[in-house]
Structures are given as structure tokens and as C-alpha cells.
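**Q** Residue numbers (the working numbering), protein chains in the order written: chain C, 1 to 294; chain S, 1 to 294; chain R, 1 to 232; chain D, 1 to 222; chain H, 1 to 222.
Derived by calculation from the structure, the hints in this document are not laboratory data. Remember, predicted model here, so these are calculated numbers, not experimental data. Just so you know, even glycine gets a beta-carbon here, dropped at the ideal spot from N, CA and C. Accuracy of the hints is not assured; some may be wrong.
Claimed, not checked - 27 angstroms max Cα-Cα, derived BS3-like pairs, lysine-lysine:
#  : chain 1 : residue 1 : chain 2 : residue 2
1  : H       : K80       : R       : K197
2  : R       : K92       : R       : K224
3  : C       : K170      : S       : K210
4  : C       : K16       : S       : K213
5  : H       : K80       : D       : K218
6  : C       : K53       : S       : K126
7  : S       : K58       : S       : K108
8  : C       : K79       : D       : K38
9  : S       : K177      : C       : K241
10 : D       : K144      : R       : K131
11 : C       : K176      : S       : K240
12 : D       : K144      : H       : K144
13 : S       : K126      : C       : K170
14 : R       : K20       : R       : K223
15 : C       : K170      : S       : K111
16 : H       : K38       : S       : K58
17 : C       : K210      : S       : K170
18 : R       : K181      : R       : K20
19 : C       : K111      : C       : K181
20 : S       : K181      : C       : K267
21 : R       : K91       : D       : K70
22 : R       : K11       : R       : K131
23 : D       : K218      : C       : K53
24 : R       : K170      : R       : K92
25 : R       : K120      : R       : K59
26 : C       : K58       : D       : K131
27 : S       : K270      : C       : K181
28 : C       : K16       : S       : K111
Unchecked claim - Over 12 angstroms on every C-beta distance to chain D, these chain R residues come out as not near it, computed from the model:
#  : residue
29 : K15
30 : Q23
31 : D24
32 : V41
33 : K91
34 : K92
35 : L98
36 : D134
37 : Y148
38 : D155
39 : M171
40 : L177
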Amino acid sequence: MIEIDIEKKLIGAQGKFNLKFSFSSDKNTFLSIFGKSGSGKTTILRIIAGLEKADRGKIVVNNKVWLDTEKGINIPPQKRNVGFVFQNYALFPNMTVLENILFAMNKKDVKKALEILKDVELEPLKDRYPNTLSGGQQQRVALARAIARNPEILLLDEPLSSLDFSIRFKLQDLIKKLHQKFQLTTILVSHEPQEVIKLSDVVVHIENGKILKVGNPLDIFKKKEVSAKFSFFGYVVDIKKADILYLAVINIGTDIVEVALTEDDIKDIKIGDRVLVASKAFNPIIKKAPLREP
Amino acid sequence: MIEIDIEKKLIGAQGKFNLKFSFSSDKNTFLSIFGKSGSGKTTILRIIAGLEKADRGKIVVNNKVWLDTEKGINIPPQKRNVGFVFQNYALFPNMTVLENILFAMNKKDVKKALEILKDVELEPLKDRYPNTLSGGQQQRVALARAIARNPEILLLDEPLSSLDFSIRFKLQDLIKKLHQKFQLTTILVSHEPQEVIKLSDVVVHIENGKILKVGNPLDIFKKKEVSAKFSFFGYVVDIKKADILYLAVINIGTDIVEVALTEDDIKDIKIGDRVLVASKAFNPIIKKAPLREP
Amino acid sequence: YAASDLVFAFKELKKVYKEKYPQDRIRVIFGSSGKGYSQIVNSAPFDIIFSANELYVKKLEEKGLTVSPIKLYAYGKIVLWTRKDSEIDVKKGINVLLDKKVKKISIANWKHAPYGVAAKECLEYYNLFEKVRDKLIVGENIAQTAQYAESGAVDVGIIALSLALSDRLKMEGIYYLLSEKCYSPIRQAYAVLKHAKEDKERFDTAMRFFNFISSKEAKKILKKYGFSLPEN
Amino acid sequence: MESIDFNPFFLSLKLGFVTTVLLFFIGIPLGYFIAYSKVRFKSVFEALIALPLVLPPTVLGFYLLLLFNKRGLLGSLWEKISGHQLAFHFEGLVAASLIFSLPFMVHPLISGFKSVDRSLIEASYTLGKTKLQTLFRVILPNMKPSIITGIVLTFAHTIGEFGVVLIVGGNIEGETKVVSIAIYDAVESLDYASAHIYSAILIAISFFTLLTVYILNKRFEV
Amino acid sequence: MESIDFNPFFLSLKLGFVTTVLLFFIGIPLGYFIAYSKVRFKSVFEALIALPLVLPPTVLGFYLLLLFNKRGLLGSLWEKISGHQLAFHFEGLVAASLIFSLPFMVHPLISGFKSVDRSLIEASYTLGKTKLQTLFRVILPNMKPSIITGIVLTFAHTIGEFGVVLIVGGNIEGETKVVSIAIYDAVESLDYASAHIYSAILIAISFFTLLTVYILNKRFEV
Ligand SMILES: Nc1ncnc2c1ncn2[C@@H]1O[C@H](COP(=O)(O)OP(=O)(O)OP(=O)(O)O)[C@@H](O)[C@H]1O
Ligand SMILES: Nc1ncnc2c1ncn2[C@@H]1O[C@H](COP(=O)(O)OP(=O)(O)OP(=O)(O)O)[C@@H](O)[C@H]1O
Ligand SMILES: [Mg+2]
Ligand SMILES: [Mg+2]
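Taking the hints into account, I'd like the entire structure generated from these sequences.
**A** Right under this line is the structure:
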């Protein structure tokens, strides 16, 4: 159960703007926030965590009032049971990886800590200090630490941005699993549509502090351009001549496909263009694929 | 012109391993390094920049020897003309955005600095201090600073990881343009296949410090699974019943498509699965699309 | 350079001297005699030394740093001193130190301060030293010893008469002059130093001041400030 | 030269340790407050703390004597508590040392507090740690060089200072005669041999104490 | 009470400024070396720098006097250069102050250097900046609280210290009679009224000097 309705003045790239965000749900929702750089996503998470003051607003989580500017309530971050993965990780340099995790636990439980570390594939690094880790390793420690806290609400600020796809997918699954297992409310900031679609129940698209769209991920991300059932956006990587035809090499997501073009077509299309690839008459087959790097 | 051949012992998640990397090209290549978290990518860049010592190796850039452990040559980072975008940005907190950029220039040129800031869409923030910027804004300042240095070789450590697609695409174009205009050698670390494919001439895939594959991006990323001309990997987001058929909602890249399934098919496939979607008989159309957010 | 106990006397001596020899400029630096000694040994730019302890001047002579004969200018005297509000009647004499009301007594350090040596001798003379030993607070020099008494931190101080006669202490307390027979005389001596020789004019001035101190006028002043005078 | 008396060394070390430990615990809340509070006149506080330093030690000692003796404000208070005044007792030396060494502890701590990354503190808060837990587990361990600086300067200065100690303590053997006073005495009585020996021993002890601090610190360094 | 002589104030401030400025420029390379060098016996250096502190000031002064007088090592050298010995001259006071206030500058600077994020220094190097440029443009501006601590402690301690200054300087009017000695003199001659006034003025001047430092620093703070 969560109810958020906040407002705060910010100074952004286009001058002052007003951050206005509201969301409420009576289930344990997985909410994703999606939007341009500087649009106020991190600020929203920080206000929820109590690290920043809202000019006006109200936050109620699981029937506890965390913030109510009208009544002058603003309980400190220590009393809000959140797990926060910071954009810059904020690991404690004076503690090893394991100690970072243990520090987050109210009841120190080494076995559980090691399990979490295994989940993020860092168990062998447990006695290392954060500044001897690679960027992605640090990010995973940050995630593990937020999880170890056993929070009511998980605030994830681009928690997987420095990770390659294979581990990223695993950790997405982990987050999803935890979210369901512990009936968490989770708020994710991410730039990765795949991630947002995979994980979230609700997506909020904000721009310049204002909510542009709210909805379920499919509604938000399903394209409207053509009515075709099977169509994709992609980028032209290369155009090759093959016999009388031209072959456009197109990058769609993590895939590369080749599409035949006529001389006419290529007048309009050149390397680097963003294109829509669609099929009118189409009979797709679908086949389970192994989970691995392309 | 670049010639790299380095070796260094590292301690990773699976114990000690040997980082071994070599690459050479006599053109101004755009090289991408691709690989799992902790595989040694950042370390390679740091060795090239002179921030870390290689146990053994040689680096020659534009006919200048930067490192030759046999001859005992190791010129300091200050004398290596590199532009480095750090994974953690490393902006100078005591300088404004503009001052950060100017500091990177040998000849202070405010006009040029402002132009670069305009390129990364941060001109209005020029007088702000880095710690008042959002994560993505900081990352863009880091990129702008590396560019302002006018380097011979550009080292980009996940330079766009915190950015949303629209600005990300623009900055990819900017990097590409600069690479070509100034005949740079550019080395990019990125987890984003789209980015790697779009930008690079050569891709090196490393794992545990070893080079797994080298090649042009199409070779590396083109899938081998089926011979179909038009096939993609995706994730099953939802399965809906429609009349006698089932509709699988599949997320491919940033797109969502619906594929009809028979009762038989869905035995094998459930929500969350990674699937390959392909078409055997297929007549795609291709259409230029506006560059915008989904 | 002059010992600290001369502070008050020298103000007047200087004034009188100035009247006699208006052309001479003299500057006095006060400090402990030991410090002055070490500084002079290490080529401090002092022309005359007035030491509360003849010994230092003698040592300087041994080192060949003096250019005049050593002369005594005064004998110091010691007194018991207490605040007027202390309810202790020092006039009763030295045995007052045994009084229960006297919990602490300040005394100058007998290891290097001449007034301290005298005070200790005096206590020993009356067989009091061991008895009051636990009450003793050792001041580093005679001025500090007086401060202890004056601030009330100690009940009685054994200090120099010259200090007890200063405006401030006269106002705030009462003193009892200890008999000169209980301690060996505090022989205070002075001499012109080698440094004066470097400059003719300075040397002349120094010699004039040297002679002035043994003049009747100067002796009268010294006496007024609580020093007894050498016979010569 | 007299035979070496080790009591003054013992007293000095005791004074140094007691003062340093007490000041550490006084300095931490004070430094924390000055570094993090948003009070308007914070600069005034910062400047005030350094002020005891500008007075000559013996003069400061003199003022403290007025305060500490049995008729003084603190001295009389202390007399009621403990039966004797502050002046001329070890407690008085400690009290005086606390005052004159305060800036040597507090100022380094302030700059240490300011150097700790704000986001670490925030992270600790979101993990449910109280301000006190955050202070001891996150803030202090990440400002170790400043703590070392504070401890070393305080300890060394307390051992070496004698002006204040001399006046307030009154050079009482076994109670307030610390080694700095013993050395001073020796020099004043032109007993240079003793002075040299005392100095040498003092320097040796201090050197090894400080070295231990540094080496221990290195050992536990990340 | 005599009329107030402002010369000692002037001398004290001059001594404070000169010493602080010189020590700043000595402290920076020294602190830089100790903080960043990988020499094995660095801790020994760190401990050594604090040692002048443990000696009682007058005793330190006494040893310096031996060094600074015209037959001493440094004194004779200086005499060749400038025509007079170091002892009993203003230069001697400066030299002595440099030695006894050294730890107050160097130790805070060391902890400051250690607190600067390594990656900022690396970033500056990759931007082609020399070590010197990096030092002045990147490192020092990001350790301001430590610099302030160093400056404040050095300045205040130099103004207030009189033991060393008294012995090395010899209390010569207009040359080495700084205000701390003037106050000391006044107290020693039981002239408390003068002492109070001198102290009050000294404290007021110092307070405003320090306050200015803090406020200027705030003004330029990020
Ligand atoms: N200072 C260090 N000391 C010891 N080991 C280190 C240090 N820095 C990095 N490593 C180890 O070296 C390995 C390679 O690190 P590197 O930072 O190069 O990885 P990376 O490929 O950039 O990873 P990521 O994608 O997560 O940033 C990692 O296993 C890391 O733990
Ligand atoms: N401390 C601050 N003081 C003033 N403005 C700030 C501060 N922190 C952030 N801002 C501004 O508020 C706006 C929103 O910042 P926020 O960090 O919430 O963005 P974001 O959506 O998380 O962006 P990104 O995706 O780049 O991380 C930005 O324009 C930023 O410049
Ligand atoms: Mg953000
Ligand atoms: Mg990396």
C-alpha cells in the first residue's frame, strides 16, 4: 500500500521547474519511472526515502504516514524502512563487501548475507574493499546491500546500468522474485525499456518533473505507427549491394537482420537512419532460446 | 595508428586471472570492448591512459611509444594525449560545469566550450557545480570534458550508461562525428549492443581478461541460431487467450509484438522466457521513422 | 638585562637617571637571571646584567663575558605575605606556617631562584621545612610565587620584600619581614658585559649607568623598594 | 646532575593520555555540531575555539588559576565535589590541558567531518542506522587521517606545554610535576646534563608513542 | 598601568602572518610528500614532525638559541648572509616559529591530502595537467577545510607562543618584543590592568582575523 503526492521546485537545464508526482496503489506494486536525464527521477526517490524535503506533499506507506507537510509530519530516513540503490552506489569504503551487507542487516546473519552475495555473483569477493572492485561489481554490492536491509519499499535508481546483459537478466529476475516473495513495493528508475517492460506493473513517464503518461508497460511501449502485428524499430547499420537488390543490415535491439531493398527504397534510407521494419503477411514461428550473450 | 599489447595480473571474482589484451590497427579505428562485469575492461583503458601499470607490454600510439616494459619506457599520463570518460565521472567539485570544460583545454576557449556544452545539451547549466547535477547530467559533463581536451585517443568507459535513449542516440552521433572529424582512435566500453554495433569498426569481446572474439560488429552480433533472414530474440511478457488461439506478448528490444500461439506452443513457453521469434516466409516493408522515444 | 624583582625599583631608577643624563637611552629587559645568563652566553645583545644571584655574574666573568668588576647592588629580603582577607595573622611570625588554617604556602623554586634558596634556608633554620613540606607550592620565579599568594590559591607566600612593597600587594595584603639571620644573604650583583664594548657610545652609557647604581641616590631608591644595601 | 626521576614521565604520559582521550570525546560532538549544523553564526564558534591559543600560556595559566583556585568559580565548585580545589592538583592540570589543547583536537575533527562524503551518511540513514551508529560506523572510520592529526597534535602539545601547567599545577612532585617542568627546572638551574637526558628520554618516549599510533593506523588502513 | 604600546601587536601580527605564509609554502610540499609518497618509513617522518611539540617551549627555545647564535650552525650562516645572527632578531623569531609551529601546519595538510579523491587527481593527469597544476587547481581547492585548520592553528599558536620566542628573541623592543611577551611581562610585574587590556586587544584582533578567514572561506565555498 503506497500513496505518494509530492511537489518540489527544482532548477534544471531549462531553468526552474516544478516537480509534481503522485501515485497510489493499494497493492504491492512494481512501479517504474521512466524519463529524460534531469527530469527529476532521482529526486522523487530521495524524497520518498526522506533524504530530501518536499515543498508540499504526503507520503503514506503501508498505513504509516512518512510525510505530511500539512500536518508537519516528516519522519527521518532512519525510520523509513527503505532499501535504496544509489545512482553512485555510496558503498562504505571502510568495510569489506561482506561488512557492507552485514551493516545493512538489523540482525547480523552471515549465512543470509553470503546467500545474497551468491545471488549477485560476488561471493568470492566478500572480503574485498569496495574501491578494489570494478564498476559493475560495486553496483551489485549496492543492490545486495539494499536487499539485505529487508525493506518495505525498494528504491532502485538505475540499479543495473553498468551491467552486461547476462548478469543483468539474472538480477532482473532476482529483483522480481524478491518483490513477489516479500510483497514489496518497488520503485525502479531505468532507461532500459526491456527492463521496465519485464519488471513493472505500472510505468510512469515523466518529463520536466511532470507526469506525461501512466499505464501498464505494454500500453506505454506498444508502438502506434502501423497496425501490423509484427513490426520493429531499428537502425540501419550497413547497406550492401546484392545482385540487383540492396541488402540493408538493420540493428533491432540486440539483433541484426538483413532486409532486401529496392533501388527506390534506398534513395530515402541511408546508414544510421532509424527505420520501422514491419511485415504485412507474416507467419511467425517462435522457439525457446537459451539464455546467453548474443 | 595504435598498437597495444599488454598483460597484467588481476584478482577477480573467480580468483586471480591474467589480463591479456592486444590490438593493433594502422587506421584511426573505433574499437569497442564488450564483456562481462569484472572482466578487465576498465583496467585496459586505465593502462592505456597510464593510470595503471601493466606487468608487461607495449603501447604505441601515432608512432609515439607510450609504454614499453622491455625498454623501461612508461610515459606518465600527463604526456599521453587521451580523453578519458571515467565510469564514476570524476568531475572536479570545485569548478562549475563550464570551468570543468575549460580546465580540460590547453588553450581556454569559452566559445568552443559553450559549443561543446550545447552539443551535450547542458549549456544552461554551465554555471552549476557538479554536485547539484543529476546523474545523467554529470555523465554528459564528463563526456564534454574528455572531448574538450582534443585528444588523440578517446577512452570511453560506459560513457552513456545513465542516459535515456533520445539523448543517448544524439551523443552516439556526436561521438561518431568527432571520431571521424578529428581522425581519432576511440576505444569504447559499453554493454549496449545497439551502441557497439552503431559506432564501432571493430569489437573485442573479452571474458576473464582473455580475448574471446575479435571482429566487426556484424559478425560478432549476428545470430547463428536459425538461417531465417528475419528473426529476433525476445522475452515473453504476457500470454493472453484470444478465441481459440493464444496471443503471446513479446518484448523485443524496445518493441512489443504479439504473436499467435497454439495450445501446443504454450506448453513449452511461459511468461519470462527468452524466445526466438522468426518468420520463414516473409516480405518485410521498411519505412523511415522519426527519432523519438517510444 | 635585569632580574624580575627589580621591576618596580627600576622604574624610578630610570626616571632619576634620565633626569641626570637626558641624552642616554636605556632599555631594560626583565627576566629570570638563569634565562638571562643563557642568553648572554649565547651572544645576546645585553650591555649590563643585574642578576638576583651573584653566581650567574661570576660565571659570566669566568667565561670572560664581563668587562667591568662585579659589584653588589643589593641584598634581597624575604617576607611572609598573605591576603588581608585570609584570617591569618602573619605578624605572629614564621610559626604561623604551622597553623591549620595555612594549607598551602608558595615558595620560589629553590633549585634556581635565589629567593627560593633563601626561603628554604630560613625554613630549615627554624626546623620547619620538613613540617610544612607538604604545604609547599613551588613558584617558578618570585613573581609567580607572589601571584599564587595574591590570587588566594595559597594562603601564605614567602616572597621578596620588593614585591610585597609594590602598590598592588601593599594594598591587598599584609607581610611579615623574616629575620635576615635565618638565610644567607641574597647577593645581587651586576656587571657590564662584553657586548657593550662593541660600540663606544654604548659602552660609555653602560659605564655611566654602572656607576649611577652605586651612587647614593640610587641606593636610596633601592632601599625604598625593599632591598638592603651592601656596605661599600 | 641528579639521578633521573621517572615520576615526571609517568605523570606527563598520564596527563597526555587522559587529556587526549577526554578531548577526543569532547571534540567529536563539538566538531560534529560545528561541521554539520546550519546555525548562522557557526564561523563565530569556529573562531572562538581557537582563541585560547593566542594568549601566552603562562597568562592563560594565570587566568585559569583565578578560575581554579578555591575562591574561583570552578575551583570552589570542585572543592565541594572532591574536597580540594582544582589548582595544584592533577585534575586541575587535566582541566587546564582540556582548555588549551581544545583547538588541536576540534579543528582537525571539523575538517575531517567536512571531508566525509555526504552520500555515505545518507546511505547509512536509509539503512536505518541512527545518527550515533552512523557516526561511529561510517563517519569516524572514514575520516581517520583527521582523527590521527587531532590525537597526535593534542597529545604532543599536552606533553610539551608547560606554561599553563606550571602555573595551574604549581610544580608539586608526584602530583603536578610533569616532565616538561622538570626539564625547564633543569635548564633554569643550568643543569644542562639533566635537561639533555630528560629531553632525550621524553623525545624517545613520545616518538615511539606517535610511531605506534601511525603504525597501528596503517595496519588498519583500507 | 603604562600607556598601551601598539608596537608589540604589530610585531605579533607580522610574525603570525610571515610564519603562516612561509609555513603554508613549506607545509604543502612536505605534506604532499608524506601523504602521497610510497616511501617505507613514512610513519617515521610523520612522527618526527610532531616532535618539536613535546619539548617545553623554553627548552626548545634554549636548543634553538644554541643553533641560532652567532657561533651556532644556523646563526653563523645567517650572519654571513645578512650581517647579523639569527638569535635576538626578528628573523630568528620567524625561524623559531617555523620550527615549533610546523606540525600545526603539516599535520592538517597531510590529512587534507589524504582526503582528496584519488580519481580527481587521475582525471586531472589524463587532462594533461602537470603535478603542479593538479596540486593548485584540483587538490588544494578540494581540501579547503584542512587548509583552514592548518592556517588557523598555525597563526593562533604563533601569536600565542612566547616560551620559544622569549628565549630566542630576548624581548627586545621593536624587534622581538611581541605582544605575548608584553603580556607576560605585565603579569610578571603584577601589572594586571595592562595585562588585561593587552589580552583583550589581542583576543579581539585575533578573533576578527580568524573570523575573516572563516567568512572568506564560506564566501568562496561551493
Ligand atoms: N584496485 C584493485 N585492486 C585489485 N583488484 C582490482 C582493482 N580494481 C579492479 N580489480 C579487479 O580487477 C578485475 C577487473 O576490473 P575492471 O574494473 O577492469 O573490470 P570491468 O571489466 O571494467 O568491469 P565493469 O564492467 O564491472 O566495470 C575485477 O575483478 C576487479 O575486482
Ligand atoms: N542539489 C541540487 N541543487 C539544485 N538542483 C538540483 C540538485 N540536484 C539535482 N538538481 C536538479 O534537479 C533536476 C532533477 O534531478 P534528478 O537528479 O532528480 O534527475 P534524474 O531524473 O534523476 O536525472 P538522471 O537520469 O540524469 O539521473 C536536474 O535538473 C538537476 O539539475
Ligand atoms: Mg538520477
Ligand atoms: Mg569498468
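**Q** Confirm or reject each hint.
**A** Here is how each hint holds up against the structure:
no., hint, result
1, H/K80 <-> R/K197, "21 angstroms, holds"
2, R/K92 <-> R/K224, "24 angstroms, holds"
3, C/K170 <-> S/K210, "23 angstroms, holds"
4, C/K16 <-> S/K213, "49 angstroms, violated"
5, H/K80 <-> D/K218, "44 angstroms, violated"
6, C/K53 <-> S/K126, "25 angstroms, holds"
7, S/K58 <-> S/K108, "33 angstroms, violated"
8, C/K79 <-> D/K38, "22 angstroms, holds"
9, S/K177 <-> C/K241, "25 angstroms, holds"
10, D/K144 <-> R/K131, "52 angstroms, violated"
11, C/K176 <-> S/K240, "21 angstroms, holds"
12, D/K144 <-> H/K144, "17 angstroms, holds"
13, S/K126 <-> C/K170, "39 angstroms, violated"
14, R/K20 <-> R/K223, "20 angstroms, holds"
15, C/K170 <-> S/K111, "47 angstroms, violated"
16, H/K38 <-> S/K58, "25 angstroms, holds"
17, C/K210 <-> S/K170, "23 angstroms, holds"
18, R/K181 <-> R/K20, "37 angstroms, violated"
19, C/K111 <-> C/K181, "19 angstroms, holds"
20, S/K181 <-> C/K267, "25 angstroms, holds"
21, R/K91 <-> D/K70, "24 angstroms, holds"
22, R/K11 <-> R/K131, "39 angstroms, violated"
23, D/K218 <-> C/K53, "40 angstroms, violated"
24, R/K170 <-> R/K92, "18 angstroms, holds"
25, R/K120 <-> R/K59, "23 angstroms, holds"
26, C/K58 <-> D/K131, "25 angstroms, holds"
27, S/K270 <-> C/K181, "19 angstroms, holds"
28, C/K16 <-> S/K111, "25 angstroms, holds"
29, K15, "27 angstroms, holds"
30, Q23, "35 angstroms, holds"
31, D24, "31 angstroms, holds"
32, V41, "10 angstroms, violated"
33, K91, "23 angstroms, holds"
34, K92, "23 angstroms, holds"
35, L98, "20 angstroms, holds"
36, D134, "9 angstroms, violated"
37, Y148, "7 angstroms, violated"
38, D155, "10 angstroms, violated"
39, M171, "17 angstroms, holds"
40, L177, "25 angstroms, holds"
When held up to the earlier numbered hints, the structure conflicts with 4, 5, 7, 10, 13, 15, 18, 22, 23, 32, 36, 37, 38 and fits the remainder.
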